[in-house]
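Chains as they are written, first to last, in our numbering: chain Z, 879 to 1149; chain R, 5 to 167.
Keep in mind that a hint or two might mislead.
[What the hints assert, rightly or not] Derived DEER-like restraints, expressed as beta-carbon distance ranges:
{"#": "1", "chain 1": "Z", "residue 1": "THR1037", "chain 2": "R", "residue 2": "ASP123", "range": "29 to 39 angstroms"}
{"#": "2", "chain 1": "Z", "residue 1": "VAL1021", "chain 2": "R", "residue 2": "ASP131", "range": "56 to 66 angstroms"}
{"#": "3", "chain 1": "R", "residue 1": "LYS158", "chain 2": "Z", "residue 2": "THR1007", "range": "23 to 33 angstroms"}
{"#": "4", "chain 1": "R", "residue 1": "ALA166", "chain 2": "Z", "residue 2": "VAL1021", "range": "55 to 65 angstroms"}
{"#": "5", "chain 1": "Z", "residue 1": "PRO1034", "chain 2": "R", "residue 2": "THR26", "range": "24 to 34 angstroms"}
{"#": "6", "chain 1": "Z", "residue 1": "GLY1002", "chain 2": "R", "residue 2": "CYS46", "range": "37 to 47 angstroms"}
{"#": "7", "chain 1": "Z", "residue 1": "SER1147", "chain 2": "R", "residue 2": "GLY38", "range": "50 to 60 angstroms"}
{"#": "8", "chain 1": "R", "residue 1": "THR26", "chain 2": "Z", "residue 2": "ALA1102", "range": "51 to 61 angstroms"}
{"#": "9", "chain 1": "Z", "residue 1": "GLU1146", "chain 2": "R", "residue 2": "CYS46", "range": "38 to 48 angstroms"}
{"#": "10", "chain 1": "Z", "residue 1": "ALA1114", "chain 2": "R", "residue 2": "LYS9", "range": "47 to 57 angstroms"}
{"#": "11", "chain 1": "R", "residue 1": "THR14", "chain 2": "Z", "residue 2": "VAL913", "range": "44 to 54 angstroms"}
{"#": "12", "chain 1": "Z", "residue 1": "TYR1128", "chain 2": "R", "residue 2": "THR95", "range": "42 to 52 angstroms"}
{"#": "13", "chain 1": "R", "residue 1": "CYS143", "chain 2": "Z", "residue 2": "PRO1034", "range": "43 to 53 angstroms"}
[Stated by the list, open to error] Here are the computed lysine-lysine pairs in the DSS-like style, where the Cα-Cα straight-line distance is at most 25 angstroms:
{"#": "14", "chain 1": "R", "residue 1": "LYS9", "chain 2": "Z", "residue 2": "LYS1018"}
{"#": "15", "chain 1": "Z", "residue 1": "LYS882", "chain 2": "Z", "residue 2": "LYS949"}
{"#": "16", "chain 1": "Z", "residue 1": "LYS882", "chain 2": "R", "residue 2": "LYS9"}
{"#": "17", "chain 1": "Z", "residue 1": "LYS1090", "chain 2": "Z", "residue 2": "LYS1067"}
Just so you know, the hints here were simulated from the structure itself, not pulled from any lab data. For each residue, glycine too, the CB sits at the ideal point set by N, CA and C.
The residues making up each chain are set out below.
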Amino acid sequence: MIAKAKTANDVAPLGGGTNLVVEMRASGVGPATLVSVGQLAGLRGITIADGTVTIGAATTVSDILRDPRMKQVAAVLVESADVFAGQMIRNTATVAGNICCGSPAADLVPPLLALGASVTLRSGSGERTVPLDGYFTGYKTSVRKPDELLTAISWPVPTAKSASRFYKLGRRRGDAITMVGVSVFVSLKDGVCDTVRIALGAVGPCVMRSKKAEAVMQGKAPSADLIAKAAQAATAESTPIDDIRASGEYRKEQVQVLVQRLLTQSLESLS
Amino acid sequence: MTNRKTLKMTVNDTVRNVEVATNETLLETLRRVGAVEVKCGCEKGDCGACAVLLDGMAVDSCLTLTHTVGTRAITTIKGLGTAEAPHPLQTAFAELGAAQCGYCTPGMIIATQSMLTHDTATPDENDIRHGLSGNLCRCTGYTKIYDAVLEGAKAMRETEAAK
């Protein structure tokens, strides 16, 4: 049915339903047909092979927390899953659902961007893998076509010379929607920053990488001054709105604070 | 487009056939068939009053479309224990005064049972806060709830050890 969909209004895949069901019931509108994929056993599970971690689309947030291997291969994703909503939501919500809803405040997306994840999209005519960086095209829009199903998310196992952090700024530790979510990844090679990824949530129409902040760090020896400059660049690149949870001005300030803090912590853990 | 279809559902070990609309939530279905021990709170997954177990895993029934339940066994608070034969968690909640108005209690106990089964049988305060992060008590009696969870978990371990 998904393979025959012409528009997102015809058919939509339903993961755990923790977002889509609420939205549809609140607004009274939504796709004419939902195809429940959250219970497909073949789409659920975590495999680690050939230096790549692959998680099936129907893998839940709790699945991530309950797999002891994840702390080794995606500690930053575990950090985020740990502060994700409440237990019942974590038991139900799927990783793919968190991506596909396209919310700028989606908690799993910044760490997945930091890890350099890609997503696999399958349609009736084949399969393609696209980087999560560039997947979102705007507020709740993405490159996924209506006839495509997101089937898996994968990323390379981080090397020993890398570190990553996530922080969710919310009103409470549990059961809160993110005001600002930041995740960073940094790897060192010969004393200089090799790969740097800085992902920002809830400060733009979609979760985004701050390429300008990354460029500040890339190829340079890390220092407090460099980190401060990267944090400034990230703040300058963010375009938050004022809403019920926080003002745009406050969010911008917090981007500076959090990028600086997480980069510092990551680099300290490597020294 | 709303269709109705008869589903075979297992609620607290009783199999029944229920006609269910495709857009109906499990909360609506359960209360319609008389399982009113499942409470309706926020209906958006914030409060946890409607929590039930699906094959032993706690979910918010207000977010679960009944048609997606499939063959999974549904357990409500009544399925865990009764007044005559209470579950150790129910006993602990009652004895330690962990309920004021009682509206959140079924969800609290269901979430606790799921946490003890899937996460840890020996929870500390942090585990309890994490496990009950999706359950709100608006009488704000959280301290006694934590005490009851600790006590109930201990009783469950002792029961298990005595077997």
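- prompt: Between VAL1021(Z) and ASP131(R), does the beta-carbon spacing fit 56 to 66 angstroms?
  reply: The hinted range 56 to 66 angstroms is violated for VAL1021(Z) and ASP131(R), with Cβ atoms some 40 angstroms apart.
task: Using the beta carbons of THR14(R) and VAL913(Z), state whether their distance is inside 44 to 54 angstroms or not.
output: Check failed, 24 angstroms falls outside 44 to 54 angstroms.
- prompt: At the C-beta level, are ALA1114(Z) and LYS9(R) separated by a distance inside 47 to 57 angstroms?
  reply: Cβ of ALA1114(Z) to Cβ of LYS9(R): about 55 angstroms, so the range 47 to 57 angstroms holds.
task: Confirm or reject the claim that LYS158(R) and THR1007(Z) have a C-beta distance inside 23 to 33 angstroms.
output: The hint (23 to 33 angstroms, Cβ to Cβ) is violated, given that LYS158(R) and THR1007(Z) are roughly 49 angstroms apart.
query: So does TYR1128(Z) sit 42 to 52 angstroms from THR95(R), Cβ to Cβ?
result: holds, 47 angstroms
- prompt: Holds or violated: LYS1090(Z) with LYS1067(Z), Cα cutoff 25 angstroms?
  reply: Within the cut-off at roughly 20 angstroms; holds.
query: Taking only the CA atoms, is the gap from LYS882(Z) to LYS949(Z) under or equal to 25 angstroms?
result: violated, 39 angstroms
task: Note whether the CB distance of SER1147(Z) and GLY38(R) lies within 50 to 60 angstroms or breaks it.
output: Taking Cβ atoms as reference, SER1147(Z) and GLY38(R) lie about 55 angstroms apart, which means the hint holds.
query: Per the hint of 51 to 61 angstroms, is the separation of the Cβ atoms of THR26(R) and ALA1102(Z) within bounds?
result: holds, 58 angstroms
task: Quickly compare the C-alpha distance for LYS9(R) and LYS1018(Z) to 25 angstroms and report which way the hint goes.
output: Measuring from Cα to Cα gives roughly 33 angstroms; hence the hint is violated.
- request: Could you say whether the range 37 to 47 angstroms given as a hint is met by the Cβ separation of GLY1002(Z) and CYS46(R)?
  value: holds, 39 angstroms
43 to 53 angstroms as the expected CB spacing between PRO1034(Z) and CYS143(R), which holds or is violated: At roughly 49 angstroms between Cβ atoms, PRO1034(Z) and CYS143(R) fall inside 43 to 53 angstroms, so the hint holds.
Hints 2, 3, 5, 11, 14, 15 from the earlier list are contradicted by this structure; the remaining hints agree with it.
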